[in-house]
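Chemist: Residue numbers (the working numbering), protein chains in the order written: chain A, 187 to 286; chain B, 1247 to 1740; chain C, 149 to 636.
For the record, the hints were derived by calculation from the structure and aren't laboratory data. Keep in mind that a hint or two might mislead.
[To be verified] Heads up, incomplete: computed chain A residues facing chain C, CB under 8 Å, no partners named: (1) Ala210; (2) Ala239; (3) Ile242; (4) Leu248; (5) Ile253; (6) Gly261; (7) Arg264; (8) Leu268; (9) Pro272.
In this text, a Cβ means the ideal position worked out from N, Cα and C, and glycines have one as well.
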Amino acid sequence: MSVTIEQVRHIANLARIHLSDEQAETLLPELNNILGWVEQLGEVDTDGVEPLATVIDQQMRLREDVINAIPETAGNRRDDVLSNAPEAQHGFFAVPKVIE
Amino acid sequence: MSDILDLTIAQLRDGFRKGDFSATEIATRYNEAVDASDALNAYLEKTPELALEAAKAADEAKAKASDSLKPLSGIPLGMKDLFATEGVTTSAGSKMLGNFKPPYESTVSANLKAAGAGMLGKLNMDEFAMGSSNETCAHGPVISPWRREGSNAAITPGGSSGGSAAAVAARIAPGATGTDTGGSIRQPAAFTGIAGIKPTYGRCSRWGIVSFASSLDQAGPMARTVRDCAIMLEAMAGFDPKDSTSIDAPVPQWEKGLSSDLKGKRVGIPREYRIDGTPAEIDALWEQGVEWLRDAGAEPVEISLPHTKYALPTYYIIAPAEASSNLARYDGVRYGLREKVEGGGLHDMYKATRSEGFGDEVKRRIMIGTYVLSAGFYDAYFTKAQKVRALIKQDFRKAFEQCDMILTPTAPSAAFGLGEKSDDPIAMYLNDVFAVPASLAGLPAMSVPGGVDKDGLPLGLHLIGNEMDEQSVLNAGLAIEERAPSIELPGKWW
Amino acid sequence: MSDYRIKGQKGSYEVVIGLEVHAQVTSQAKLFSGAATAFGAEPNTQVSLVDAAMPGMLPVPNRECIRQAVRTGMAIDAQINKWSRFDRKNYFYADLPQGYQISQLYHPLVGEGEIEVAPDEKNPDATKTIGVERIHVEQDAGKLMHDQHPTMSYVDLNRCGVALMEIVSKPDMRSPAEAGAYLRKLRSILRYVGSCDGNMEEGSMRADVNVSVRLPGEELGTRTETKNVNSVRFVMQVIEHEAKRQVKAIESGEGVQQETRLFDVAKGVTRPLRSKEDAHDYRYFPDPDLLPLELDDAFLAECRESLPELPDAKLKRYEDLGITPYNAAVLTAEVETANWFDRLLDAGAEAKAASNWANSVLPGILNAKEIDFSDARNTPEASAAILKMVDDGDISKGQAKEVMELYLDEGGSPADIVEKHGMKQTSDTGAIEAEVDKVLAANADKVEQYKGGKQALFGFFVGQTMKAMRGQANPQVVNQILRAKLDG
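With the hints as constraints, model all of the structure from the sequences given.
Modeler: Here you go:
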């Protein structure tokens, strides 16, 4: 499978990355090289193989329903949450106006 | 008395306890050395006050009662910039997070702090840990303290934990944290002649480590000796209820368990790791490594890991896919860079921010990752890669029925010059060809110095252990360390 | 079957409806972080570093959220998947800090189930079964506010990360009435189970409404999805409006676009979403920060054992007690009413009398006094005591209403009220007979007339006796004695 320049632009848009025409042209062969290279996986017979999503062989733990049980993952820290915001106003994050 | 900078973590710890020097002397000596190291570009942020603060606490504890000392009391360490450190800029080597001061501390760095360690500063790295040469960093590459014999050309310390590796090799940190997604501890350790271990996936909490590829990322120590790695790893590892992928098991006493007597152990030599085009000196070192382990009492056995060849392409589907999603949070809304577009809306801001904030390699991987997850390609790429990953894990499972550890080279070459491979992504990716399979299988793996190449640059040997069996890896590493010629440290040129 | 049709020039169109209901799971803390879920807090105060998607933050699931979704699944007889998994749904939006929503696409927690609904409230026995495709658990997003600033939108992440159940119906509904009945029934079940408070005003329950139209016998038409509709009435309006709009669009040749729409409450119309996500490609994949969710038998057993009696079972039980289907349906619709009524029965009230009281008499009293049904004074025990006094003949049915009114005003107990106001009626035959004798003696002329055939005078004697006894005689006993003396 070979990627087209339109696909490069589409993917960039999905990933919210702006590409100039020049950057798109540069990326095109790079992506095709990499994709061509990873396509060698097609040689591997994977019939009946379950996809492996995690290497951890243990059950997922569930935490108890307790508010602010662990300080590091607790709420009530608005100042911390907003401390790195490029723009915060009146306790909110502010972003360019969104029209729904 | 020898220079504090020449001592290992174990020697510093013991010397401090004996009263040979104070913790403040250690911290001060290191702070000076760090200050004089700008030419290496290893430290992005220096925190001499934090190193001194911990030292002062250690000295006071010692004055009160020496049994109130903690395992790493008196030891200052370098911290890879991927670990969130409270109040100290954590950029992950990216322009995107250039001013990010976390209001929180990663579990691993908090564990080290709780064990008494001080922090010398934040160490440079490939942007978001994506790179094998430290050239993708937004703050300029780290320069290795090593140089080829008779050359002043700048050499890469490897990546992505290049700042950590360079700092330990250059004696501007006795030890440093690293992270390893597909070789990012082991390859730079090999390139700079130090030791580094990536433990079993899940041993170290990922909480507070800027994510690259969640199913692969794992923290580990980088230090001058195997013993130092064991000491650091004991402090770093441990169950963390804040990380769903953290292993709920006690942390073994790895330092106490160190033994280079490998009698009764079988060391697997995977035939698939003999790859055409590998330099003869790498193969020769590997042979030598087998002999050293035999000498330590181990029995070499040939094993097969049939899907080795497919590990790297598998990795270059799974890691970018996870990264494309993990890096979606960098959108200019809540922290980090924001690029506004005059008259533009939210989506314009996203695009401008992400184009400006991410470097080329990060963008390339986000693009690959987005593509392999997109409609119509998901099964062909991502699901396929997950299936091959299952086969790779199964290969190791079978192999460990025949052996206790596996020996391979760490990297297919010694360190290369800056700029030598940066034009060819795939050539760069091939650096991790030996390191990646253990990452995909979540296994503990370590690089220890084995010798030097024809140019006098360090080469590493790579040990892979079974799940949860860091001890075998450390012990085999120790056996090699005891037998390998000691590598002359680079003369200080910076 | 519904005969709801939209008339066009080419024929009568059938409307096909599916609902995706997002129900906020009742829990103290969020799905993957320890921040609180309570409604109405100051902006960004119930936000943890995890919810704000700070670098390196990781999710750890809340057991209670999983438990509530499982119990909900059990309540609709659904398949519970002992092995499920969380996936990431990737898209960019300012209310979605991670750049992905943790949801479940490939392996949801709950599989197929069904809900029986009665579209015609007057006829609760005419039911239709609506299939549920699945229930999965996912994170809610934050909230954007557009009116605070001329050029900026404000982001509040308090809701971000709160657990939602997405309950996806099959496209089994054919009319606004069916959709309304489905939503009401679903809400009722959720509230019985206690897995969602069903508060649509606060956004605890909202529906994405999928509508398409077709001529009978044709393939399914192109559907539109109207997002985030937050009341039963609005959902019904959306369906009606969309169906008519689509028929018009088809017949004009313009056709129906598969698209996401918004409901404009003020105008009562739907319109296409302006900020369109470019061709949805959510790139779902298993969340690598989480492990598969595996439920053991003990967990499932606890979920099942903790389920209360559900509306359908309760309705059937009430009907078996002789309560009319309509009354039983009214009594079981709201869990609070049903629980109140069960307590009334537990206190010994006879079912039919209790049903009549709870459905007809009591609401009138409460309405007149503008007292809420849930008012603390309105205890089932008080009603039970009043009904028992009626049953024992201590007070008349007419007095029962009066006792309740006085009780609500004055407090105490109904027995105190009766005592205090001297309302207790007597069935003492001797006392009544003595009064009857006096009345008959004092009205000998009328007795003659009665015996001469003027039967209507019977009521006069009853009245006189009751008056003499200040209304406290048991009318039945008075009747009996009078009959014996006059007709005997």
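Chemist: For each hint, tell me whether it holds in the structure or not.
Modeler: Hints and how they fare:
1. Ala210: With a minimum Cβ separation of about 16 Å from chain C (threshold 8 Å), the hint on alanine 210 of chain A is violated.
2. Ala239: 4 Å, holds
3. Ile242: 6 Å, holds
4. Leu248: 4 Å, holds
5. Ile253: 5 Å, holds
6. Gly261: 3 Å, holds
7. Arg264: 5 Å, holds
8. Leu268: Holds - the Cβ of leucine 268 of chain A comes within 8 Å of chain C, reaching about 7 Å at its closest.
9. Pro272: 12 Å, violated
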